[in-house]
Amino acid sequence: MNKKNASTQLPTINVIPKKKRIRLSYKKQKVVMGIVFLLPWIIGFIFLFAVPFIESFRYSFYELTPKSGEIIKVFIGLDNYVYAFNEHVARNTSFKVELINTTLDALINLPVLLIFSLFIAVMLNMEFKGRAIVRAIFFIPVILNSAAVASALGGGDAIASLLEAQGIDKIFDLEFYLLQTGMSEWLITFIVGLIDRIYTILSLAGVPILLFLASIQSVPKYLYEAAKIEGATSYETFWLITLPNVTPHLVTVTVYALVDTFLTSSVSDIISDELNHQNWGLSSAMAWVYVGTIIVMLVSLGLLAKGLKIGGSHYEE
Amino acid sequence: MKNKLFNKLKLMYENIYENLTNPRNVMVRSKKSKEIIMVVLRNVLLFGLCFVILFPTIQQISMALRAPEDVNNPAVVWIPLHWSLMNLKIAAVVLDYKNALLNTIKISVISMFLQILSTSLAGYAFARLKFKGSNILFIFVILTIIIPPQALSLQQYLYFKDLGLIGNELSIYLMSGLGMGIRSGIFIYIFRQFFRGLPKELEESAQIDGAGVFRTFWNVMLPNARGALVTVGLFAFVWAWNDAYYVKIFEVSTSDFPLLTMRLINAAEGMYAALFYTGGLDLIGQDVWENPLFLSLISNVAALLMMLPLLIMYLFVQKQFVESIERTGIVG
Chain F
1 MNKKNASTQL PTINVIPKKK RIRLSYKKQK VVMGIVFLLP WIIGFIFLFA
51 VPFIESFRYS FYELTPKSGE IIKVFIGLDN YVYAFNEHVA RNTSFKVELI
101 NTTLDALINL PVLLIFSLFI AVMLNMEFKG RAIVRAIFFI PVILNSAAVA
151 SALGGGDAIA SLLEAQGIDK IFDLEFYLLQ TGMSEWLITF IVGLIDRIYT
201 ILSLAGVPIL LFLASIQSVP KYLYEAAKIE GATSYETFWL ITLPNVTPHL
251 VTVTVYALVD TFLTSSVSDI ISDELNHQNW GLSSAMAWVY VGTIIVMLVS
301 LGLLAKGLKI GGSHYEE
Chain R
318 MKNKLFNKLK LMYENIYENL TNPRNVMVRS KKSKEIIMVV LRNVLLFGLC
368 FVILFPTIQQ ISMALRAPED VNNPAVVWIP LHWSLMNLKI AAVVLDYKNA
418 LLNTIKISVI SMFLQILSTS LAGYAFARLK FKGSNILFIF VILTIIIPPQ
468 ALSLQQYLYF KDLGLIGNEL SIYLMSGLGM GIRSGIFIYI FRQFFRGLPK
518 ELEESAQIDG AGVFRTFWNV MLPNARGALV TVGLFAFVWA WNDAYYVKIF
568 EVSTSDFPLL TMRLINAAEG MYAALFYTGG LDLIGQDVWE NPLFLSLISN
618 VAALLMMLPL LIMYLFVQKQ FVESIERTGI VG
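Residue numbers (this note's numbering), protein chains in the order written: chain F, 1 to 317; chain R, 318 to 649.
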């Protein structure tokens, strides 16, 4: 304790030697301060992450029932997992169905999301009038992306069913207007589907666009200048300069996008629902299935990236 | 006369023909037309997407400004027939807006500062104050990003129950202060990448001038990390504002301490009951509140009321935020 206190003192030149403080070398000071800086995080990590994480693994094999201030634990082996996969039903869906859907969605949407956000990031990086405004608008979905707002916009289940009973879906029904213009039906379904999804993609793409934009801007400017002098078109500069320089950060963006997709998916909603209904053992088991799925996906993506040699920097290091 | 005209026309034609076939001109033209097509495409796409982003908000604003009676009028789509702030008033009553807003601002601001403090310290330690095993610890940071909060909530709930912090905002502050708040892992990552990108000379010169490690961090490194601070601060604030998960698990939102997110969710799930209990029904006639469209309209307006402060705040920080991306090496 004494050591730590001393190290926070500033080693100024006119320190009076009489006081005899234990003075550490700067290197040692750095180590001690490193631990001090990390202390809040370490405490939080142990008590609010590591222990709960392991405990929830243990709980996933128990049936937990709350009873007058304490929790009764009964060991039931793998029953929670079996139940989650075979019997679980929530509203009009089940855990298994949602898990498979989310995984497939993530696998299909991830490349789309990456390409889309890189494309938008490249565009937002160009010089044009009103760029600042457009950029600011593109990050609005990140800010407004909240479960509360989404549920309010959906109008809640009660209102939605009421409206459906009356045959009114939305106040502004795009499909209805398009049908009136006399377009063929599949085209309308396609357009409406795309527009419905654009907002979801945009709200997921906010942070990836941000990361890509930062990544593009960290590319040395002289590369672009040299390419311009050599007469490269913007198409060529994208493939030969922007893309190779961005690939090292592809892994970061992919991990973020994957985790985000799962966090906002219906799977995590089901788990929170079970948690709130005090089916604690079941929700722990589900959470562990979720964790297992996401780790398997990340590891296989990591192996894929290693196999394709994505992730190493293109020029330096 | 005719011949003269013909000759003139022929000359003109030849001129134009030569102009068209001249390889240099062809090049210039094709480049120019490509550029124009690019610009048009880009503008259509970007401004189209901007419209898609802004559309729901514009729609909500239009809804907020119409009189409740207009709900029954199918002719009103965009522009209200009767302008009125009644919907806003009713939605504000439903949300208990004044109290809920103040509480939400309080909880967001405090947890934002706590999160910035804990994650910047940790990020700096991971970037510059390395010791044996700090790389292993950093792998754990990545783990905290990946693991969903649902896997941890039960035990966290039991902890806070033992401490008597359930139903108390302190539980949220404790999580933020100990670097386990909403997506703290990502913030630590951003700070680490950023501090790693700052030149080593900064630290060395501070050391030579006699600054200790903490002083170097506080007076030299942190002011230079403005970009990362703005980014992390904005995200921390916004995510705390929008958070409905932790607030629900730790039962922070009570009738004495209402929070916008929980009020909004509860209202959206049972709008009629919410209107009834808060006395919102007395503000309008029966013919209006019997219409389910009106209930949906109020929940839309309530959502707008929740987002509005964020949008206004974003309007002010937006410039710094966008600039901060430019200057940071968030990605390193």
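Each hint should be verified, as a subset may be incorrect.
[Unchecked claim] Here's a subset of chain R near chain F, in silico, CB distances under 7 angstroms, partners left out:
(1) Val357
(2) Leu358
(3) Val361
(4) Ile370
(5) Ile464
(6) Gln472
(7) Gln637
Hint data in this document are derived by calculation from the structure and do not stem from the laboratory.
Note that the structure is predicted; figures quoted are calculated from it, not measured.
We put the CB at the ideal spot given by N, CA and C, even for glycine.
Consistency of the hints with the structure:
1. Taking 7 angstroms as the C-beta contact cut-off toward chain F, the hint placing Val357/R at the interface is violated, the least distance being around 12 angstroms.
2. Taking 7 angstroms as the C-beta contact cut-off toward chain F, the hint placing Leu358/R at the interface is violated, the least distance being around 10 angstroms.
3. Nearest Cβ of chain F to the Cβ of Val361/R: about 11 angstroms, over the 7 angstroms cut. The hint is violated.
4. The interface hint given for Ile370/R holds, since its Cβ lies 6 angstroms from the closest Cβ of chain F, which is under the 7 angstroms cut-off.
5. Taken as an interface hint, Ile464/R checks out: its beta carbon lies about 6 angstroms from the nearest beta carbon of chain F, inside 7 angstroms.
6. With its C-beta approaching chain F no nearer than about 3 angstroms, Gln472/R sits inside the 7 angstroms limit, and its interface hint holds.
7. A cut of 7 angstroms between beta carbons decides the hint on Gln637/R: the least distance to chain F is about 11 angstroms, and the hint is violated.
Checked against the numbered hints given earlier, the structure breaks hints 1, 2, 3 and 7 and satisfies all the rest.
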